[in-house]
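Enquirer: Each chain, written out:
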Amino acid sequence: MEVKNPKIKSMKHEDFKNNDYIERLVADLNASGTNVVVGKLDQLINWGRANSLWPFCFGTSCCAIEFMCLGAARYDMARFGFEVARNSPRQADYIMCQGTITHRMAPALIRLYEQMAEPKYVIACGACTVSGGPFKKSYCVVKGVDEIIPVDVYLPGCPPRPEAMFYALLQLQRKIKLQKFFGGDNRKESRQKFFEQQAKKQKETPNAQTPNIAEDAQAMPGKED
Amino acid sequence: MANIQEQISKICRSAQFDESGEFLLVTVPDENWHATARALKEDLGFDYLTALVGVDWKDSMGCVYYLTNSQTQEIIHVKVTTANREKPLLHSVSDVWAVANYQEREVYDFFGITFINHPDMRRFFLRNDWVGYPLRKDYDADPNLNPVPHDDEQNEDETFSLVESENGELKRVDKKVFADDEYVINVGPQHPSTHGVMRYRASLEGEVVKKVDVVSGYIHRGIEKLCEGLMYPQTLLYTERMDYMSAFMNRHALCLCIEKALGIEVPHRAELIRMMMDELMRISSHLLSYGCLTMDQGATTAFFYGFRERELIYDIFDRTCGARMSMSYDTIGGVVADVHPDFVKDVRNLCDVVEDKLKEYHKLFTGNVIAVNRMKGVGLLSKEDAINYAVTGPTGRASGVHCDVRKTHPYSLYDEVEFDEIILNGGDSMDRYMVRMKEIEQSIKILRQCCDMMDKEEGNEYCATVPKMIKLPAGHWYQQVEASRGAFGVYLESDGDPKPFQKPYRMHFQSPCFNLVGIVDLTCKDNLIADLITITASIDYVIPDIDR
Amino acid sequence: MFDFSVVTKWIDNLFNRVMPEWLSVTIECVLVAAALLVAYLVLAMVYIMYERWVCAWIQCRRGPLRVGPWGSLQIFADVLKMLIKEIVRLWNTDKFLFWLAPFFVVVASVITFACLPWGKGMQVIDFNIGVFFITAISSLGVLGILLAGWSSNSKYTLIGAMRSGAQMVSYELSVGISILTIVCLAGTMSITGIVEAQENGWFIFTGHIPAIIAFVIYMIAANAETNRGPFDLPEAEHELTAGYHSEYSGLHFGYFYLAEYLNLFIVSGIASLLFLGGWMPLHISGWDSFNAVMDFIPPTLWFLGKALFMSFVFIWARWSFPRVRIDQLLALEWRYLMPIGLFNLVLMAVIVSFGWHF
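Chains as they are written, first to last, in the numbering used here: chain F, 71 to 295; chain P, 150 to 697; chain H, 564 to 921.
Be aware that one or more of the hints could be misleading.
[Stated by the list, open to error] Straight-line C-alpha distance at most 30 Å; calculated DSS-like pairs for lysine-lysine:
#1 Lys617(P) / Lys532(P)
#2 Lys512(P) / Lys206(F)
#3 Lys556(P) / Lys494(P)
#4 Lys206(F) / Lys286(P)
#5 Lys409(P) / Lys620(P)
#6 Lys359(P) / Lys206(F)
#7 Lys228(P) / Lys320(P)
#8 Lys556(P) / Lys207(F)
#9 Lys207(F) / Lys286(P)
#10 Lys325(P) / Lys718(H)
#11 Lys658(H) / Lys258(F)
#12 Lys525(P) / Lys658(H)
#13 Lys494(P) / Lys207(F)
#14 Lys206(F) / Lys652(P)
#15 Lys324(P) / Lys718(H)
#16 Lys207(F) / Lys648(P)
#17 Lys206(F) / Lys532(P)
#18 Lys718(H) / Lys674(P)
#19 Lys718(H) / Lys359(P)
#20 Lys207(F) / Lys506(P)
#21 Lys207(F) / Lys620(P)
#22 Lys206(F) / Lys674(P)
#23 Lys207(F) / Lys359(P)
#24 Lys648(P) / Lys409(P)
#25 Lys286(P) / Lys213(F)
The hints are simulated quantities; they were obtained by calculation from the structure and are not laboratory data.
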């Protein structure tokens, strides 16, 4: 079955400023080839997943306020089905990292990520989570969340406006629409690659602690005692 | 002043005085410091520890204590130093001013100065396994020493205090924060109503909170250290990212401080614009706190109503500054650009809308019997405690403390406008909430007067001429403004470095929320776990402002 | 009025003619069960969207409107996603109980749902103690919640479950007493009996003041029974993250979510049965032509309409009020609602025995 550019109701393909990544994904999928039945099923599942993205409320600083605005009356993300903001990571679909991640917060974020149920997506929202932003030179700031968890969409801005957040969410929707569920889960593969690379990097740096991601995934955030 | 000097020299003979700065500077040797502090508080009425700043002067380390007399609003500052860099020790004053408890922990965290007789010497912002003390000038910033941790932090249940016996011997006493049989539950760091990444460990008996241990630093970004590596105009950026809900006020404070050091006269119009922005920000912040307070109590709709009106304020910011948050609008000498032509019209319109909608808020939430029952008489903070914990802002004023910097030490043009300082005496959650709602009305009053002043304003000079390279003379300055959550202070020290790119020697931000978090244990004790949420929501702190 | 039992009897006769009795009974059971489950699911979906739209309307928002025309397909996307979401397996938990809990909650609500009459003769079984059965079976749900909280091995869920236990057991009493008041008025425990007794006027109109008091008490207590705001303490989002179901993901969480909305329908349904005449049309004695027009509307629509209206009131309350605290919650029940309810019951008994009601 031939895979086409993903269509979403809210915005046309041409209106997006950066389509190259999506087009590359489409080309990859076409190269590997898919059965029509499986392809249609995948499309149905992806339609469901893309239109029912429940956010996990995770905000550390300024971006969280803009995220609240996103949920509030003027922007109202419920329109797109990003409705039910969950406070338990188990029930959420994507985590939008809003605000700087510090050394002290990093293990907690990893844990939250591990606690989320598959399929899970990450949006790095704001300059701090993309690269460390204005705090890049600080002694205790993680220079971009992609050092610790795999990121699906990068959203720059300090803080990004709600419109930009919509753009990121729509990008995420398009990305989800290009995923496979039956016959080789391409999302899982890229995830696997990320953690392997990370483990390698950890080994190379002196003094680094051994990563124990994937362990400790059983307890609630910071509810260990 | 002379009177104070006399009295201090009576208590401590070796005290030295310096009147050259803006406030009286007293240098006290460490061994006399505790007795002097007690006398300063009890005899001279300096009951407000406004700021406690740790500084590393290379040859010595120490603290600068800014003290305010809550009756006369007089400010002095005291310098206490130690020359020992290997094992620096100072005497704790946490038993004199309760607020010093957390602040000394901060200094311990940043400079490694251990405070004798401090009840609980733990790191405050950084992890227990952190290597080094980051704000020391000789700090080794090698990222390999402190790599990004992937493993969970151990619960820092163990703490110690350095107890001085009567004959002057020091003894380390190890303590535990919680006893083994206590039922400790963890609130945070990721919890929907800690308003960010705060972490409390609360010991429960049934649903009754017995003790709260505050674990902070989950968003500690080292802003003070970062400022030491930047030039003055660059440091302005960080002020907006601390308490993002008082971005304008914080930036205003730093601008005022640098302008004071440079001796620049800011144009009247610029100061007026700054003041209007401050008040707009205050309304926006109080609306947010209304929203969060109602949301934390489960009244979700009220939250949406609060946000609806905030969007109008954002529109005004957006038009003039080009951004909704983190506006970067104030600058040294004034503001970066003139206001949008419709600015005054928009503000007038906003005043009418908010004034009208306030009635709706009260109708929806304030009179609600459940809301009243949840907030009235809950989380009491007495006036004495409020002063002891140096609580300012709406929380302090709800306990009856006269602490509005706009009234006590008028800055900007606040002495040209007419408004009331809202002081209530209940000290409970309800009063804290009501102070905020009434302050919105006062801000509207100020804004209306400002609009009239803007109309009369002649000329459109919005920024004074400022030297391209900003170089400050050697010295230190302290400037307070009234941010949305209390008195925000900036301590700025310059070494008078003659090089063209001068950087601040030490910059400290005395954030109001840092003091607010100190009263969480006090106010939540013997209340239900559900009240912990409403009390913290009514205290209304912003976490990045605590952690900085 | 159309009697649905004509249809069921006809089907029954048809089956009995062509097959042995045991087979026909089995097939009928399966058919009824399938119909029930389908109705259950459809209603749950309708309710989820209903609450979202009403809540959006209250909060000056638009609500879901992008997925499908006017957002009508939103719920299908949600269900589809929920079905294939990973179910996280936890360590150090009582696995059996952990898995059992959501089913308990769902089964309790399905059985209660099965007892509701949708029209004349349109109900699964007409007990002579129907109301009693409903009260008994609906309180099974609390077991599921307690199990969920306890087996998750987390302090937050445990607190949520304990709150829920205390809350539901207490408010069960008030619900029971206000139902008893109506039973007293109707003189029967059979649901059909109660509905038919309201042919000439709904109990809320004919029952005098005690019926209105009972109605108010029922509304408050039922709101608490369903763990909805302002009584949503067990899952108090801002205190306990998600309360007793914090640790559940995927379909298991879906069950809780489903049951929550269905319980809303059930309590609104019972309210309309007891106080608003169930599937009975609105009759005003003397206005014959008006009554004839009202009779023209099918009873199922009457029942659904009333239930939706009652749900609207519940939703309205949920999104407007702040949450009460646990001690206030229990004080409200034991100090106010229950004594008033008991007094009201006596009052009703007096009124009924003297025949003072309409």
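Enquirer: Hint by hint, say whether it matches the structure.
Expert: Cross-check of the supplied hints:
1. Lys617(P) / Lys532(P): Roughly 47 Å separates the two Cα atoms, so the pair is violated.
2. Lys512(P) / Lys206(F): Violated. Lys512(P) to Lys206(F) sits at ~46 Å, over the 30 Å cutoff.
3. Lys556(P) / Lys494(P): Distance ~28 Å between Lys556(P) and Lys494(P) Cα, so the pair holds.
4. Lys206(F) / Lys286(P): holds, 19 Å
5. Lys409(P) / Lys620(P): Answer holds: Lys409(P) to Lys620(P) is near 12 Å, not above 30 Å.
6. Lys359(P) / Lys206(F): violated, 40 Å
7. Lys228(P) / Lys320(P): holds, 26 Å
8. Lys556(P) / Lys207(F): With Cα atoms ~38 Å apart, Lys556(P) and Lys207(F) exceed 30 Å; violated.
9. Lys207(F) / Lys286(P): holds, 16 Å
10. Lys325(P) / Lys718(H): holds, 22 Å
11. Lys658(H) / Lys258(F): Roughly 27 Å between the alpha carbons, so the hint for Lys658(H) and Lys258(F) holds.
12. Lys525(P) / Lys658(H): violated, 44 Å
13. Lys494(P) / Lys207(F): Answer violated: Lys494(P) to Lys207(F) is near 42 Å, above 30 Å.
14. Lys206(F) / Lys652(P): holds, 18 Å
15. Lys324(P) / Lys718(H): holds, 26 Å
16. Lys207(F) / Lys648(P): holds, 22 Å
17. Lys206(F) / Lys532(P): The given pair, whose Cα atoms are some 42 Å apart, is violated under the 30 Å limit.
18. Lys718(H) / Lys674(P): holds, 20 Å
19. Lys718(H) / Lys359(P): Since the Cα atoms of Lys718(H) and Lys359(P) sit roughly 16 Å apart, the hinted pair holds (cutoff 30 Å).
20. Lys207(F) / Lys506(P): violated, 44 Å
21. Lys207(F) / Lys620(P): holds, 23 Å
22. Lys206(F) / Lys674(P): With Cα atoms ~39 Å apart, Lys206(F) and Lys674(P) exceed 30 Å; violated.
23. Lys207(F) / Lys359(P): violated, 40 Å
24. Lys648(P) / Lys409(P): Between Lys648(P) and Lys409(P) the Cα gap is close to 21 Å, so the pair holds against 30 Å.
25. Lys286(P) / Lys213(F): holds, 23 Å
Of the numbered hints given earlier, the model fails hints 1, 2, 6, 8, 12, 13, 17, 20, 22 and 23; all others are met.
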